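So the protein lines, in turn, are chains A and B. Per numbering that gives the first Met the number 0, numbering of the first sequence is gapless, rising by one per residue and ending at 538. Per numbering that gives the first Met the number 0, numbering of the second sequence is gapless, rising by one per residue and ending at 338.
Calculated directly from the structure, the hints in this document are not laboratory data. Hints are not guaranteed to be accurate.
[To be verified] Facing chain A, according to a computed beta carbon distance under 10 Å, are these residues of chain B, among others:
| no. | residue |
| --- | --- |
| 1 | Y30 |
| 2 | S57 |
| 3 | S60 |
| 4 | R65 |
| 5 | K67 |
| 6 | P74 |
| 7 | V90 |
| 8 | K194 |
| 9 | S196 |
| 10 | D199 |
| 11 | E201 |
| 12 | R204 |
| 13 | P264 |
| 14 | K325 |
| 15 | A328 |
| 16 | G335 |
[What the hints assert, rightly or not] Far from chain A, some chain B residues (derived; all Cβ distances over 12 Å):
| no. | residue |
| --- | --- |
| 17 | R134 |
| 18 | V135 |
| 19 | K149 |
| 20 | G247 |
| 21 | A305 |
[To be verified] Non-contacting residues of chain A with respect to chain B, defined by C-beta distances greater than 12 Å in every case (computed):
| no. | residue |
| --- | --- |
| 22 | A4 |
| 23 | L42 |
| 24 | I159 |
| 25 | G163 |
| 26 | R177 |
| 27 | S198 |
| 28 | L277 |
| 29 | L470 |
None of the values given here were measured: they were computed from a predicted structure. Ideal placement from N, C-alpha and C gives every residue a C-beta, glycine not left out.
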Amino acid sequence: MIALAALALAPLGGLARLAAHSDAEIWAHLAAYVLPPALANTLLLLGGVAAVTAVVGVGTAWIVTAFEFPGRAALIWLLPLPLALPTYIVAYVYVDILDTLGPVQRALRATLGWSAEFLNVRSLGGAVLVMGFVLYPYVYLGARAMFQTQSAATVEMARIFGAGKWRLARDITLPLARPAIAAGLTLALLETLNDIGASEYLGVHTLTLSIFTTWLNRGSLPGAAQIACLMLVAVAALLAVERLGWRRRAFTGLDQQARTPRAVLSRRGRWLATAACLVPVTFGFLVPAGFLASEVVARGLLVGFDSALVRHAATTVALAAVATTLTIAFGFGAAVAVRLVRDPLAAACVATAGLGYALPGTVLALGLLSPVIAVDEAVNALVERIAGRDVGLVIMGSGAAIVVAYVIRFLSIAIGFGQAGFARISHDLDDAARTTGARAAGMIWTIHLPLARPALWGAALLVFVDCLKELPATLLLRPLNVETLSTYVYQFATRGSFEEGALAALLIVAVGIPAVMRMVRYADDALHVAVTSPPEPQR
Amino acid sequence: MKVSLRIAGTLVVTSLMASAAFAQSGEVNVYTYRETKLIQPLLEAFTGATGIKVNVISASSGLEQRIKSEGTHSPADVLLTVDIGRLEDAVQAGISQPISSPLLDQVIAPQFRDPEAHWYGVSLRARVVYASKDRVTQSAITYEELAEPKWRGKICVRSGQHIYNNALFAAVITKYGVDKSEEWLRGLKANLAQKPSGGDREAARDVAAGKCDLGIGNTYYWALMHDREADKKAWAEATKVILPTFVGGGTHVNLSGVVLAKHAPNKANAMKLIEWLVGEKAQHMYADMNYEYPVRAGIALNPTIAGYGPLTPDPMPIAKIAQNRKAAANLVDKVGFDN
Chain A
0 MIALAALALA PLGGLARLAA HSDAEIWAHL AAYVLPPALA NTLLLLGGVA
50 AVTAVVGVGT AWIVTAFEFP GRAALIWLLP LPLALPTYIV AYVYVDILDT
100 LGPVQRALRA TLGWSAEFLN VRSLGGAVLV MGFVLYPYVY LGARAMFQTQ
150 SAATVEMARI FGAGKWRLAR DITLPLARPA IAAGLTLALL ETLNDIGASE
200 YLGVHTLTLS IFTTWLNRGS LPGAAQIACL MLVAVAALLA VERLGWRRRA
250 FTGLDQQART PRAVLSRRGR WLATAACLVP VTFGFLVPAG FLASEVVARG
300 LLVGFDSALV RHAATTVALA AVATTLTIAF GFGAAVAVRL VRDPLAAACV
350 ATAGLGYALP GTVLALGLLS PVIAVDEAVN ALVERIAGRD VGLVIMGSGA
400 AIVVAYVIRF LSIAIGFGQA GFARISHDLD DAARTTGARA AGMIWTIHLP
450 LARPALWGAA LLVFVDCLKE LPATLLLRPL NVETLSTYVY QFATRGSFEE
500 GALAALLIVA VGIPAVMRMV RYADDALHVA VTSPPEPQR
Chain B
0 MKVSLRIAGT LVVTSLMASA AFAQSGEVNV YTYRETKLIQ PLLEAFTGAT
50 GIKVNVISAS SGLEQRIKSE GTHSPADVLL TVDIGRLEDA VQAGISQPIS
100 SPLLDQVIAP QFRDPEAHWY GVSLRARVVY ASKDRVTQSA ITYEELAEPK
150 WRGKICVRSG QHIYNNALFA AVITKYGVDK SEEWLRGLKA NLAQKPSGGD
200 REAARDVAAG KCDLGIGNTY YWALMHDREA DKKAWAEATK VILPTFVGGG
250 THVNLSGVVL AKHAPNKANA MKLIEWLVGE KAQHMYADMN YEYPVRAGIA
300 LNPTIAGYGP LTPDPMPIAK IAQNRKAAAN LVDKVGFDN
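Bound-form chain B, shown alone:
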């Protein structure tokens, strides 16, 4: 116990010294909803290019609350999220400040940024259908169709309250309003083969197992299973990715985005990082390593992702979707989607 106490003591002292050092130049502090491992290569490349050290903390919820509580002494410079909802939460919590960057405004389409410039998207992912290669012949599908009786008992999906489904349902509400969306969601619920559970990979797993014909998942999961995960390759190979569209519209996309913290102690470095993230090198890395769609135009897609066919994001502003998140969550409760 004595030894561990000494270790702990050393730890406390070093982190104290480290925390005192945060205020100095040459650093930037990143709070992220994106797992450290995933963004580490990006951040290391940034440090390599600029010499600015990046300190990171990652979590799956509550970072806005933490930054808000930390107040004026918060070390947070930049908040990275994987979902539009968290971007909006950050703005609501009052922990953001407007980002003023002509470069960002030039590179990122207005649809993928906050009109007030409190957040910008840095990469996109689409919510799509993993369809059984054996049992599904059609090669195109609409989101509207997912609620039609022809798919009764044939669809698998994770919890309706998961942020990715929440955003998809919010997009449906943005398109059709609450009442029509309720009807749609009831239809989708009736089409489920089983109670929602698991994650996006399980959607493919269950289609491969023959439990259902269609799974709903994000674009990058399928690519990861197909290219990188030998033990799950069979699940991907039993399915094909179809990019669904809204009738007369495009595919639902979600954003991973960036927020500049209100009391950012290293604001200049934070701006360098934010602008670097939408630069060509970082955008290539998002595409190749994370299997996402770059937010910047003219960046080559990863070949597996390109294999899904051309993506046409639905033109609705992402900020509008964020406003309907609560309504979507309530609908999920009301129709008993997860029960």
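Here chain A stands alone, though its shape is the one from the complex:
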């Protein structure tokens, strides 16, 4: 566990090294002119995204778990899909569609004579909506996994005592799912904090952007690293407060009985449910993906297929698969360990290990450079002594550095989902298993993992798709001649013609879709097994 924390601390150490030069002059300047507006913009953006993702994520998760309605089977796996689209690409798409010269305003002008300038996406409101509709799946996935495993008995009991569906949602379902919702919301907000491309393009000057301008324009890497450190401290403090909030309460509401049957709605209610789920799917996925598809056709990207894309896709999937496997193993391992050990030091280590997500990707990559290369130097020296051969920088040169960055960055997803999943399993179960003589390993295998499987698959899906589209760390840490789909898309986007990368962007989605479908199904099957056949504790 300490090793895991050390791994996550490596880039922070590198960052601290960069920050360890005083630059008093820059701070006077930053405090006077840069940070106040950047902080205000950042808080407004975070507040807005929190509101959108919470309402959309929790709302849709509740609807698909609680009700039966037309199209539900398809919507279950359509709802997470916006995840597979890079946020900045969606920002570009919406500017193209909604700007003054775009098709929507043109149509409004032609038919109704409106000049619909309020549709201006290049604004704070635009950024909130774009990011909200791309990032709500983080909340949706967490909330759905929790709603699904909610005890039928609890729900039935509440119903018997006359709770209607709204009261049920407000008093039972939501509070019990709070850890998962909080975890999902945290991820969505940290993703927002990590964004540079969309906010710069939409003209929202955030703290993250000010880290970059301080580094590249104000010429102060220490100043930039210091802002990043402060941001990290703020995030860590908020996370700690949130954890404290739910750790004192019990959320164990899971038992071995059958799931609550989904309620049947009135005719109108059914179609309302369908519509409510279709809105985020449309804005977060169908519109941007449709736009990309039309660009693929219009630009003949399929006809003039760039064969290198196959190689890039294979590279992308391989890196993401390896990183996901490691991240889930480490993350769930850590979450289980914390549960079994119940030791504050272990908990602190795990909380530290989750900090990687709170750093913008480029900052993480910058911080990783020196520790990774220090290991590389050591390996090289060792090989030179033993074999008398200079192998150069093995980790940097092989792409292993990218995997390390992914694991550090996305560990908190696995830990968060793991802990939220395990929090639902009563400690009574552990105690009962222990009295029957079960060992820790057997208990994890037969009780914890099966019961936490929906959370596990949810986390795996998120990590995998996040790895597929990760850009900044990949960009800076990849070996010569290696591209992933997202770095490939990016080279068109930096030149201002992201449409040329439309096919590669869709390939990210295409790789993501089977993963989403498969994991949604696995999660459901796992749940089915878990709730219908009580695990046998080892004797």
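With chain A's structure known, arrange chain B on it following the hints.
Okay, now just chain B, sitting in the frame of chain A:
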């Protein structure tokens, strides 16, 4: 998952073999801020001409930091940049070495190279005005004029912290000093039609949409939209490019340039590449494919670029502009340009 693990394993092994091969002759390793796709044709032509294989990594920031961290084992031979700022950053980071080439000194004007020979420009781009064809009648303009009240609420531009604007503002400081430049920048800020956002293409888009009369952008974006991007041709056609000048001076130009890495493992090949880039063939390619101004004299411009009229670069040494980048960034903060 098993299959992907196997793929990953193969990948790791092959890249290990590849990284071991880098040290061998017949290769050169290029770290570039310029997108791979854009320079690929140039590099392929180089390989065709010399048989030297080119390995590439591109990124948008942090390459100096990477080379610096990689230290003596860095595979980097050559760093290509799209902006004067990054050239200066590379020198400051201590990752460059002087390039000694009589050919480069002969071909590239002193204004466009480092006095200490740590970097050389290979192509130029100018920061110009996209003016509305309908609403702007004048055919000449000065940078000074952009701050005059006659343009109140009529100018669109991307973030003042973007490297291209940063270099333009640094050039103004080089000309007029910080105090007068602050006044100028406040004037320009007052003339903006909207909060800075988007990229250089949006400057043309917004002029075409009637949001403003003047957009500020680089020379090649307009040409790309006009010649190559059918969906954006209308934006270019709604505007005309005016090459602004400083009063009594010329047009602000920025450089894409080249640095020789301090620990370049393939130095001889790196020198061949650098010299090839300013050769006639490569310079023609820069002009025709990338719509840039060749740094070498006597190379024909792309017809669309030539259509802007003759370019007279301002005579200030580019190295001087680089020194004022930080001051320019601070001014942008101070006048709240992006707020």
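Right, here's what the structure says about each hint:
1. Y30: 9 Å, holds
2. S57: This interface hint holds because 6 Å falls under the 10 Å limit.
3. S60: 6 Å, holds
4. R65: 6 Å, holds
5. K67: K67/B check passes; min Cβ-Cβ to chain A is 8 Å, inside 10 Å.
6. P74: 7 Å, holds
7. V90: 13 Å, violated
8. K194: Where the cut-off is 10 Å and the nearest Cβ of chain A is about 5 Å from K194/B, the hint holds.
9. S196: 3 Å, holds
10. D199: 7 Å, holds
11. E201: Holds, because the Cβ-Cβ distance from E201/B to chain A comes to roughly 8 Å (cut-off 10 Å).
12. R204: Nearest chain A Cβ about 6 Å off; hint holds.
13. P264: 9 Å, holds
14. K325: This hint holds: K325/B lies near chain A, its Cβ roughly 4 Å from the closest one there, short of 10 Å.
15. A328: 4 Å, holds
16. G335: For G335/B, the interface hint holds, since the closest Cβ of chain A sits about 7 Å away, which is under 10 Å.
17. R134: 15 Å, holds
18. V135: Non-interface label on V135/B holds, nearest chain A Cβ at 19 Å vs cutoff 12 Å.
19. K149: For K149/B, whose nearest Cβ neighbour in chain A is about 24 Å away, the distance exceeds 12 Å, so it holds.
20. G247: Given that every Cβ of chain A is farther than 12 Å from that of G247/B, nearest at about 28 Å, it holds.
21. A305: 22 Å, holds
22. A4: The assertion about A4/A holds, with a minimum of 23 Å to chain B.
23. L42: 15 Å, holds
24. I159: 45 Å, holds
25. G163: 45 Å, holds
26. R177: About 32 Å separates R177/A from the closest Cβ of chain B, which puts it past 12 Å; holds.
27. S198: 10 Å, violated
28. L277: Non-interface label stands for L277/A: nearest chain B Cβ at 29 Å, farther than 12 Å.
29. L470: The claim breaks: L470/A does not keep its Cβ more than 12 Å from every Cβ of chain B (closest is about 10 Å).
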